[in-house]
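Line by line, the protein sequences are chains H and X.
Taking this note's numbering, the leading residue of the first sequence gets 1, the next gets one more, and so forth.
Taking this note's numbering, the leading residue of the second sequence gets 1, the next gets one more, and so forth.
In case anyone wonders, no lab produced these hints; they're calculated from the structure.
Any given hint might turn out to be false.
Listed next, the in silico DSS-like pairs over lysine-lysine satisfying Cα-Cα at most 30 Å (straight line) [as the list claims (entries may be wrong)]: (1) H:Lys13 to X:Lys256; (2) H:Lys139 to H:Lys162; (3) H:Lys139 to X:Lys256.
Stretches of chain X that chain H covers, calculated by requiring three or more beta carbons in the stretch to come under 8 Å of a beta carbon on chain H [said to hold, decoys possible]: (4) 220–232; (5) 242–251.
Since the model is a prediction, treat every value here as computed from it, not as a measurement.
Idealized CB from N, CA, C, for every residue including glycine.
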Amino acid sequence: MSALFALKGVTKKYGPNTVLNDVSFEIGKGEVVGLLGDNGAGKSTLVKIMSGVVQADQGDFTWDDAPVDKMNRDVTERLGVETIFQDSALVPFMTITRNIFMGREITNRLGFMKMKEMDSITAEVLDSVVTIEGIKSPKQLVASLSGGQAQAVAIARAVHFKRSLLILDEPTSALAVRATEALLNYLTHLKSEGVSSVLVTHNLHHAYQVCDRHIVMNHGRKILDVRREDTTVEELTAAVVEGAEGIRRYREGRF
Amino acid sequence: MSDRNTTGVDPVLEAPLATEALTTQRRMSDAQTSASFGARLRHDLQFIRGRGALEISIVLALLLTGYIIASLISPTGFAFLNPNNLSGVISQAVPVLAILGLAAGILMIAGEFDLSLGANITLSAIVFIKTAESVNLWVAILAGILCGVIVALVNGAIVVYTRIPSFIATLGMSFFWMGAGIFINGTTPATLTTSRDETMVFLFAQDFGFFRSQLIWLIIIGVLAWLFLHRHRRGNHLFAVGGNPAAAEAISINPKRVKLMAFAIFGGLVGFASILIAVRTSSMQPGGSATEDFTLFAIAAAVVGGTSLWGGRGTVLGIIVGAALIELIRNGLLLAKAPGFYITLFVGVTIVIAAIFNKLMEGKAR
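Start from the sequences and build out the full structure, keeping to the hints where you can.
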């Protein structure tokens, strides 16, 4: 599997604290990568760097084997990175249509929006890209949706605009069980469309269920990077809870 | 609205295979067109409700009806329907406040306030008057509007780049701009004398029977504001940034740029309103408190009209109706010969009620 996006030697300091220390990994095309770790492990900083919101102090990035000189929001937008932050991917008091087309409105030459066209495309997207139960109209306010419906709308948006890398930051933390199942199913389905995704979570069971590969972070370092076939939920748990020491102890106990 | 999407079914998203998706016949577009007239009407009403312009319009209609009845019963005791009074309120007082309300509202939708609105009016009016007296009307119009934009952009830059809450930053700056007015003009009023010619009056303070210039300007500005806020992509970004800056940024809308744009539009509208005020009254007192009321009244018009104090919500129609409501209350109290402080008292209560109401509406839409 060729790499879509590769990070090499990413380091980030906030004052005296080293939040990320020499982190390197690759995300393959159509691969679902689980980014795991306890609170404070550096997951969210890594997400912000990958999405271009925060700049790394050191580190090289390649996209499709071509070096990326500078990572910022404009560059990641052009490359097709879409980040779905927990609870904040959408604007509550805007309609579904306006959320889907936010920042990418269909307009005439003067910048006026073609509302009818956007509404009908939204209806199409909600009908075919993701099937979301209970949504009545593209003109419904996002505030009136449930957490699962809102996540689905955010994902539908990413798919509609043919984003190539989807970063989901704790997407399941606010969801009911059924909605979580559906979301995880949906992630596996995304692979067939050639979309890579990074699932950031502390729920190891959710990650283990769908991810092709798992990366575990601990105190700003990458301590584990394994394919699903080569690991178990127990090993991941040990890594997240006890760090590198946990992995060593788990392997000693097993072999 | 919440009861509409929880019709017994748990909201679930499914990841269908491509073939399944194609065969799914649950087409949203069909559902919409096949709905009965009643269902569609209910949907449309709820659509308006969620945006807060319906109730306020009903309140305004009730108040107007009450005034008309009172005025018919006692034409001299409550002279609301007197043509002079009616034209003064609807055609002069309401438009100026509505334009200022739109200014404040557009900024509030982007999630910011500018409490130096009154000081901005004073300074822009002085700049307009002095330029009109020394150069000519057309340069003066430009200078007045430009002054409003610059004042607001300075405030905006402070707010956006230092991340000081706009309340504090613009409150402080309002004293600065008041002082700036005295600095360029001294403490005597700036007065329009020879420059207040027919053209100037025709443009900004003419009485065409019932219609006055101000009302015509409100219609023009209202239509432009509606097109911008509700139909233009830049207006859409304003709602996005005010409603959820993180989401807007994640989709590569730059919140700082959008907020600065909101401040600039705010300043332009305030500069324009200051010209309307200056031409009508012919003079402007630097450092005076005459314009300070406008700050809170403009924000009040926006809030009463359904604009959220937390950003992200508001409509052009709502704000204009809000301004009309405030001016009608003010006029009614004047006609009923209530002491002056009653006006501030009533407007104060109206703002608080409106804010509570907005909060409840936001809860309802969830």
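Claimed coverage, the segment 220–232 of chain X by chain H - three or more beta carbons nearer than 8 Å: holds (count 3)
Outcome, coverage of the segment 242–251 of chain X by chain H - at least 3 residues whose beta-carbon is closer than 8 Å to one in that chain: holds (count 8)
Checking one constraint from the list: CA of Lys139 (chain H) to CA of Lys256 (chain X), max 30 Å. Satisfied? Status holds; Cα separation ~28 Å.
Keeping to a limit of 30 Å between CA atoms, is the pair of Lys13 (chain H) and Lys256 (chain X) held or broken? holds, 25 Å
Proposed proximity, Lys162 (chain H) with Lys139 (chain H) (alpha carbon, max 30 Å): Cα-Cα ~23 Å, so holds.
The structure agrees with every numbered hint stated previously.
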